[in-house]
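**Student:** Below, each chain spelled out in residue letters.
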Amino acid sequence: MSMHWYVARRVAWAVIATYLILSITFGLLAVAPGDGQTAFAFKAATQGGDVDEAQETFDEITGRDEPLLTRYKNYMVNMATLNWGWSFTRNQPVLDAIAQAYPYSLMYALPATLISIIAGYAIGLYSATHQYTLTDYFGTFTAFFGISIPNFWFGIMLILVFAVDLGWLPSYYQTGRGVWTVANAKQLILPIIVLSTGAIAGNMRYSRAEALEYVHADFVKTARAKGADDWRVLVRHIFRPALVPLMTILVADILGLLFAGAYITEVVFQIPGLGLLSYKAIIQQDTALVMATTLIPVFIAIIGNLVQDIAYTVLDPRISYGDR
Amino acid sequence: MTDPLLSVRDLHVQFNTDEGTVRAVDGVSFDVARGETVCVVGESGSGKTVACESITKLIPMPPGEIAGGEILFDGEDLTEASEKRLEDIRGGRIAHVFQNPQSALNPVYPVGAQIVEAIRLHRDVSKEAARDRAIDLLDRVGIPEATARIDDYPHEFSGGMKQRVVIAMALAADPDLLIADEPTTALDVTIQAQILRLLRDLQDEFGMSIVFVTHDLGVVAEIADRVVVMYSGKVMETGPVYDVFEQPSHPYTKALLGCLPGQGKSMEPIGGTLPDPKNPPAGCRFHPRCPHATTDCRTGDHPELLDVGTDHEAACVYYGPGYDASVIRGDAVSESTAADGGSEGGTPGDASKSGGDDR
Numbered sequence: 001m002s003m004h005w006y007v008a009r010r011v012a013w014a015v016i017a018t019y020l021i022l023s024i025t026f027g028l029l030a031v032a033p034g035d036g037q038t039a040f041a042f043k044a045a046t047q048g049g050d051v052d053e054a055q056e057t058f059d060e061i062t063g064r065d066e067p068l069l070t071r072y073k074n075y076m077v078n079m080a081t082l083n084w085g086w087s088f089t090r091n092q093p094v095l096d097a098i099a100q101a102y103p104y105s106l107m108y109a110l111p112a113t114l115i116s117i118i119a120g121y122a123i124g125l126y127s128a129t130h131q132y133t134l135t136d137y138f139g140t141f142t143a144f145f146g147i148s149i150p151n152f153w154f155g156i157m158l159i160l161v162f163a164v165d166l167g168w169l170p171s172y173y174q175t176g177r178g179v180w181t182v183a184n185a186k187q188l189i190l191p192i193i194v195l196s197t198g199a200i201a202g203n204m205r206y207s208r209a210e211a212l213e214y215v216h217a218d219f220v221k222t223a224r225a226k227g228a229d230d231w232r233v234l235v236r237h238i239f240r241p242a243l244v245p246l247m248t249i250l251v252a253d254i255l256g257l258l259f260a261g262a263y264i265t266e267v268v269f270q271i272p273g274l275g276l277l278s279y280k281a282i283i284q285q286d287t288a289l290v291m292a293t294t295l296i297p298v299f300i301a302i303i304g305n306l307v308q309d310i311a312y313t314v315l316d317p318r319i320s321y322g323d324r
Numbered sequence: 001m002t003d004p005l006l007s008v009r010d011l012h013v014q015f016n017t018d019e020g021t022v023r024a025v026d027g028v029s030f031d032v033a034r035g036e037t038v039c040v041v042g043e044s045g046s047g048k049t050v051a052c053e054s055i056t057k058l059i060p061m062p063p064g065e066i067a068g069g070e071i072l073f074d075g076e077d078l079t080e081a082s083e084k085r086l087e088d089i090r091g092g093r094i095a096h097v098f099q100n101p102q103s104a105l106n107p108v109y110p111v112g113a114q115i116v117e118a119i120r121l122h123r124d125v126s127k128e129a130a131r132d133r134a135i136d137l138l139d140r141v142g143i144p145e146a147t148a149r150i151d152d153y154p155h156e157f158s159g160g161m162k163q164r165v166v167i168a169m170a171l172a173a174d175p176d177l178l179i180a181d182e183p184t185t186a187l188d189v190t191i192q193a194q195i196l197r198l199l200r201d202l203q204d205e206f207g208m209s210i211v212f213v214t215h216d217l218g219v220v221a222e223i224a225d226r227v228v229v230m231y232s233g234k235v236m237e238t239g240p241v242y243d244v245f246e247q248p249s250h251p252y253t254k255a256l257l258g259c260l261p262g263q264g265k266s267m268e269p270i271g272g273t274l275p276d277p278k279n280p281p282a283g284c285r286f287h288p289r290c291p292h293a294t295t296d297c298r299t300g301d302h303p304e305l306l307d308v309g310t311d312h313e314a315a316c317v318y319y320g321p322g323y324d325a326s327v328i329r330g331d332a333v334s335e336s337t338a339a340d341g342g343s344e345g346g347t348p349g350d351a352s353k354s355g356g357d358d359r
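So the sequence lines, in the order shown, correspond to chains A and V.
Just so we're aligned, residue 1 is where the first sequence starts under UniProt numbering, counting upward by one.
Just so we're aligned, residue 1 is where the second sequence starts under UniProt numbering, counting upward by one.
Treat the hints as calculated values from the structure; they're not laboratory data.
Every residue, glycine too, gets a C-beta built ideally from N, C-alpha and C.
Here are some of the chain V residues that sit facing chain A, going by a computed Cβ distance under 10 Å: (1) Pro60; (2) Pro63; (3) Leu86; (4) Ala95; (5) Gln102; (6) Asn106; (7) Tyr109; (8) Ala170.
Isolated chain A (complex conformation) (with noise of 0.2 Å):
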């Protein structure tokens, strides 16, 4: 069977996901009370405007009033088009409302994932081939220090000794300093840091338990009696075989980047990127919105499971893509 079916099988099943997802998904809105509904009255009432009235225009707008069946086609079509709703609490199509704060997702995201991956393999590669030394039992204690403490509370001892005591950094995160300048770096620092100790102490592990399953392997030692150096060993032939499980971390790492949603150095920094415009929808009760939030890392793995089914089959020969 040719890698091209292969992948096209892939994909198709990757469509067929999809439409059941957003069949369930359509299924327990269907069912579930409230609805944005109350919310959207209480804001009308707030307002000075009418309850009652307030919930027709509502079921209007949201279409709750047509048969389940019209209401489930209409659902359908709008997921396709990318026409997923109306935030109501910002007043503005939910697709937009991402589309504004993503670009500060990306800005603290792009370079803690390009850090963790770079430094996490990095050490991680060191102590596999450095194994039980000293400065592989440093990196496996400063790994799971990276892993054990919790980000809110790194983010904040962070912005108390950084920000409140010698005031190098801004404790928390303000728009309109541009894109490329020096004050909006200085404000990025923090979040990338908490961000990345974590990921980094994460890949550092995978990546240091993958490599030593290769780092004793008899081809590795066929490798250095051919003459190969250090290097060209530790990346041809302890490295790329090591890729093959890695990629699954890899995928979920880069594709993360797509929705980068880190709720909680969001919410510390106040940056207003995709993680704290859901965990507002979510305090808000703003149905479309958080719908949209939480759709789109569902469709990304679903998307990272394709990715990596390929890079897999791409990336190692042995896997066959006949049975499956």
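Based on these hints, arrange chain V on the given structure of chain A.
**Tutor:** Using the frame of chain A, we list chain V on its own:
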């Protein structure tokens, strides 16, 4: 005799572990002449693999450490060589073939790429030229349709074919010395014979020396010029293969030969096990298992290697002053005559016959 290609002198290799120091190789000496095949024989754990992997420092260091002695390769002491120099020698002048072909090749690269890598590490040639040479090598080691198979991955080859690929890779830079560590142990018997024949043919063709590590005396008889018998990190006996099989001079060698099947008499296993390498017995390492052990064997240092024939040495007190060597050698006669039903032609023992037959 001209200078040997490889001369291992009083080599000590130890592993420093939390549980103590393991002296895996404890004063081993042997020579390998140009074009010669030397078999290093011994039980699992006797230190033969460590000794051979120490030559190019393939053992993990730390915890491994070359604690003493020298390894003269073509006049150069490899124990003193820099890592850079060793990288040139590994694969370039001294090639290795390991025991398990199933895991000796990197699963994520085609076999051709792995051979090309070996060639280009030591020869300044273009990728195309290296690829052509890889095809030639694959062809030479008996891979059918080498041109078509060069881009196949290791898992697409059988065990015997993989070992051929590994051998082709070892030959990539035309080495002077091939160190083959039990290259046939993981293969079934018919494939074993093919690989042995291949190695012998390649040796004739390339004129290289071979150090062949094995515990299989049948294989030794098949390919060796000389034999080094190791036990518990020490050399027990060394000599030309014919002499060692004909006239086994150390009780351990005799016991090993006694374990060989197909001699027309019952096999005799060696009682007991290898001594603890962290805490070897005083005196001769073999004395706890030796039927001839005396008080001298149980104290002091391990016996020196003593001449027992031309270029034939054994580390046994019975060849020293005040001992009757025929206790060891004569024993072979009486034992085999008894087994042969008292026939005259028992000397020098059945073992030599089996050695001769296998050749």
